[in-house]
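With the hints as constraints, model all of the structure from the sequences given.
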Amino acid sequence: MEILATALALITSGDADLWRVVGLSLRVSLSATLIAALFAIPLAAFLSARDFAGKRIILVLSTSLMALPPVVVGLAVYLMLSRSGPLGPLGLLFTPGAMVIAQTVLVFPILLSLTYEAINPLQRDYKGLFAALDVGRGLQVRTLIWDARFVVSVAVLAGFGRALAEVGAVIIVGGNINGVTRVMTTTIALETSKGNLQLALALGVILLSIALSINIVTQTLARIGSKYQAVR
Amino acid sequence: MRFLLLAALCLFAPLSVAQGQKLILASTTSTQNSGLYDYLLPVFTADTGIAVHVVAVGTGQALRIARNGDADALIVHHRPSEELFISEGYGLNRRDVMVNDFVIVGPKGDSAGVATAKSAGDALLRLRKNNALFISRGDESGTYFKELEIWQSAGVTPKGPWYREIGAGMGAALNMAVAVEGYVLTDRGTWLSFNNKNNLVLLFEGDPVLFNPYSIITVNPAKHPHVQADLAGVLTDWITSERGQSLIAAFAIDGQQLFCPSANGAKCAVMP
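Protein sequences appear in the order of chains A and B.
Counting in the working numbering, the first sequence runs from 1 upward without gaps.
Counting in the working numbering, the second sequence runs from 233 upward without gaps.
It should be emphasised that the hints constitute simulated quantities derived from the structure, not laboratory data.
Quick reminder that beta carbons are idealized off the backbone N, C-alpha and C, glycines included.
Treat each hint with caution, since some may be false.
Calculated Cβ distances over 10 Å to all of chain B for the following chain A residues [what the hints assert, rightly or not]:
| hint | residue |
| --- | --- |
| 1 | S13 |
| 2 | V22 |
| 3 | L43 |
| 4 | A53 |
| 5 | K55 |
| 6 | I58 |
| 7 | D125 |
| 8 | A132 |
| 9 | L157 |
| 10 | L190 |
| 11 | A211 |
To give a feel for the contact side, a few chain A residues facing chain B, derived at Cβ under 10 Å [unchecked claim]:
| hint | residue |
| --- | --- |
| 12 | A67 |
| 13 | Y78 |
| 14 | L79 |
| 15 | S82 |
| 16 | S84 |
| 17 | G85 |
| 18 | P86 |
| 19 | P89 |
| 20 | G91 |
| 21 | L93 |
| 22 | N178 |
| 23 | V180 |
| 24 | G195 |
| 25 | L197 |
Shown next, in the form of structure tokens:
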């Protein structure tokens, strides 16, 4: 109860630092999710529409990578972006850009696997139709994505949730720099280490409420959309 | 799909905006957790226009980040590692900044009798004899190195179920000590600013062995050409100047001074 009160007090206090941290969290995680979605969704549809050797390997690999520990992703991206690493000259380490890259890597396999599972049943239904109408590959992919869009949106939300909640990767490549790369989860870790457990939990409640609001909005839109589709 | 691309670009764009002069300072969790940087660095930025990005990790990791060329300057607290770092050519212009000290904290009951120990080594020996739960950082931090040094001087190899290496930061070690009623070696700054003390109290302090000096080092641009040694030099000059040093001396929590400025030799009565 006290924690909820602290959380509420924090939200209503209009603390600029808090909103900057919340804003950065959302921006980094949304960017990462969108970039990952941009590549993962078409790839999933493509994999579904086509049979070729090695397809199962890609899918098994992708599903396994869903269990990738964020710390490992953080470390790998750190080694790439470090001044001593191959991408060092870009100077991206300890910037929000580095955090976006790490979270994109983390979210990509989740989006790929879940989108594939969402699209594949449709593909089985449409296979004969596509063949009978001699539909081109590009149109097949687009049709599959569009008709599975409501399930796909849930996959995207799952990926977004993963990005928003992780701390292991962003704290390594971002460095938790005050006002620059400090996000919700790294703030929670820092406040815990300072012994401010109440504040840390209150921040957790705020993070959860944000995720909740985004989910409610998206799910509602999807519901309205699918109703409209059924009527049509 | 085009919408997605556009949205991604819009979100991504503001993340890569170039800023003014900025300096990356790799430092220790102890100095950050104490709140020193939040107090000190805004003044530095106002004075010089240089923003300081603090990456707070253990001393060992800070040195590794600097070796990779990912920081411009360091503030750390483990003399032997610092000297190795400089002799290998990675750092230059090491200057004393400030000192504080390590203390041993533990449960109020103090079943091991650490409070009456004659020295830091004696205190740890008593923990060993009583099999009292001890939480060790177990990382490459300056605090952990100091702890190992004291164990060694006491002639004890810490091992057994009573000795828990947690491989985490100072705050995490304190949180665990609170939860399991254990003992822990901590720097005074983190201890004073720690807000979850609960039944934990300061039990032992004052042994000269517990002296904890912090230095600032510039990363050598000869190893990594992009290192902003000039900005690191500005920070070094400022923090060791009269102004920087008097600000450090004035930093206090609950009326207790946390760090003693030491650029021109430490002169604080409260420190060992």
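Against the structure, the hints:
The claim that S13/A lies off the interface holds: its Cβ sits roughly 18 Å from the closest Cβ of chain B, which is beyond the 10 Å cut-off. Look at V22/A: its CB is around 15 Å from the nearest CB on chain B, clear of 10 Å, so calling it non-interface holds up. Taking the minimum C-beta to C-beta distance to chain B, about 13 Å, the non-interface status of L43/A holds against the 10 Å cut. Listed as outside the interface, A53/A is consistent with that label: its C-beta sits roughly 28 Å from the nearest C-beta of chain B, beyond the 10 Å cut-off.
For K55/A, the non-interface assignment is confirmed: its Cβ lies about 23 Å from the closest Cβ of chain B, beyond the 10 Å cut-off. Residue placement check: I58/A keeps its beta carbon more than 10 Å from all beta carbons of chain B (closest about 21 Å). Even its closest Cβ contact with chain B, about 22 Å, leaves D125/A beyond 10 Å, as expected for a residue assigned away from the interface. Here A132/A stays apart from chain B, with its beta-carbon at least about 26 Å from theirs, past the 10 Å limit.
At roughly 15 Å from the closest C-beta of chain B, the C-beta of L157/A stays outside 10 Å, upholding its exclusion from the interface. With a least beta-carbon separation of about 8 Å from chain B, L190/A fails to lie farther than 10 Å from that chain, contradicting its non-interface assignment. Interface exclusion of A211/A from chain B stands, the closest Cβ pair being 17 Å apart, more than 10 Å. Because the beta carbon of A67/A sits about 22 Å from the nearest beta carbon in chain B, more than 10 Å, this interface hint is broken.
A distance limit of 10 Å between C-beta atoms decides the matter here; for Y78/A the minimum to chain B is near 8 Å, and the interface restraint holds. Restraint check, L79/A versus chain B: the minimum CB separation of about 9 Å is within 10 Å; hint holds. About 5 Å separates the beta-carbon of S82/A from the nearest beta-carbon of chain B, less than 10 Å, and the hint is met. Interface hint status for S84/A: upheld, as the beta-carbon distance to the closest one in chain B is roughly 4 Å, under 10 Å.
Interface restraint check for G85/A: the shortest CB-CB distance to chain B comes to about 8 Å, inside 10 Å, so the restraint holds. About 13 Å separates the beta-carbon of P86/A from the nearest beta-carbon of chain B, more than 10 Å, and the hint is not met. Because the smallest distance between the Cβ of P89/A and any Cβ of chain B comes to about 8 Å, under 10 Å, the interface hint for this residue holds. With 10 Å as the threshold, the beta carbon of G91/A comes within range of chain B, its nearest partner Cβ sitting at about 7 Å, so the hint holds.
Because the beta carbon of L93/A sits about 5 Å from the nearest beta carbon in chain B, less than 10 Å, this interface hint is met. Among the interface hints, the one on N178/A holds; its C-beta lies about 7 Å from the nearest C-beta in chain B, closer than the 10 Å criterion. Of the supplied interface hints, the one on V180/A holds, with its beta-carbon coming within about 6 Å of a beta-carbon of chain B, less than 10 Å. The restraint placing G195/A at the interface with chain B holds, with a minimum CB-CB distance near 3 Å, inside the 10 Å limit.
At about 6 Å, the closest approach between the beta carbon of L197/A and any beta carbon in chain B falls short of 10 Å, and the interface hint on this residue holds.
Hints 10, 12, 18 from the list above are not met by this structure, while the remaining hints are.
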